[in-house]
Amino acid sequence: MSVRRAIWGEKEEAIERSLREVDEDLFRYIRDFAYEEVLARPGLDLKTRELLAITALIALGSPKELATHLEGALRVGATEEEVREAILQSALFLGFPRALAAMKLFHKVLKGRGAPHAGEG
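Note that UniProt numbering has the sequence shown beginning at 1, numbered continuously upward.
It should be emphasised that the hints constitute simulated quantities derived from the structure, not laboratory data. For every residue, glycine included, the Cβ atom is placed at its ideal position computed from N, Cα and C. Be a bit skeptical, because a hint or two may be false.
Label pairs and their calculated CB-CB ranges [said to hold, decoys possible]: (1) Arg17 - Phe96: 33 to 39 Å; (2) Leu26 - Pro63: 18 to 24 Å; (3) Ala56 - Ser18: 19 to 25 Å; (4) Gly114 - Glu13: 29 to 35 Å; (5) Asp45 - Glu24: 28 to 34 Å; (6) Lys11 - Asp32: 29 to 35 Å; (7) Pro97 - Glu13: 32 to 38 Å.
Derived lysine to any residue pairs resembling SDA-like cross-links, with alpha carbons at most 20 Å apart [unchecked claim]: (8) Lys11 - Phe96; (9) Lys47 - Glu21; (10) Lys64 - Glu12.
All chains, please: the whole structure from these sequences, using the hints.
Put into structure tokens, the structure is as follows:
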């Protein structure tokens with residue numbers, strides 16, 4: 001299974017189409033280099049790489065990409081608790097406003113997956 005399929009799941013075709021619409025060359029760089037070369041390297045498992053991606057995207061303030069990788073982390077084996085902890089850890093280094101925004105986005109992702117989550121009554 002490709003790294004993209006593992007992370008993007010059933011959204012793979014839609015994400016690829018969206019990226020191609022922006023720029024075909026940029027899409028190929030993302031597909032071939034980012035996903036199938038860097039993310040496929042040995043040394044770190046895909047779950048760890050996705051948790052790292054989450055913190056980097058929180059730092060960058062990239063909510064659309066963050067949502068993709070929040071879902072991706074869950075798809076490749078991260079638990080809800082592990083994702084929450086990565087977001088909480090980010091508050092220390094990136095600030096509470098960014099962590100709060102990320103946590104709100106994570107709740108939306110969970111709701112979209114039909115999963116109950118902490119803080120829901």
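Checked hints:
1. Arg17 - Phe96: 33 to 39 Å: Holds: the Cβ-Cβ distance is about 36 Å, inside 33 to 39 Å.
2. Leu26 - Pro63: 18 to 24 Å: 19 Å, holds
3. Ala56 - Ser18: 19 to 25 Å: 20 Å, holds
4. Gly114 - Glu13: 29 to 35 Å: 22 Å, violated
5. Asp45 - Glu24: 28 to 34 Å: 31 Å, holds
6. Lys11 - Asp32: 29 to 35 Å: 19 Å, violated
7. Pro97 - Glu13: 32 to 38 Å: This hint holds: roughly 34 Å between Cβ atoms.
8. Lys11 - Phe96: 30 Å, violated
9. Lys47 - Glu21: Measuring from Cα to Cα gives roughly 28 Å; hence the hint is violated.
10. Lys64 - Glu12: 15 Å, holds
Checked against the numbered hints listed earlier, the structure breaks hints 4, 6, 8 and 9; every other hint is satisfied.
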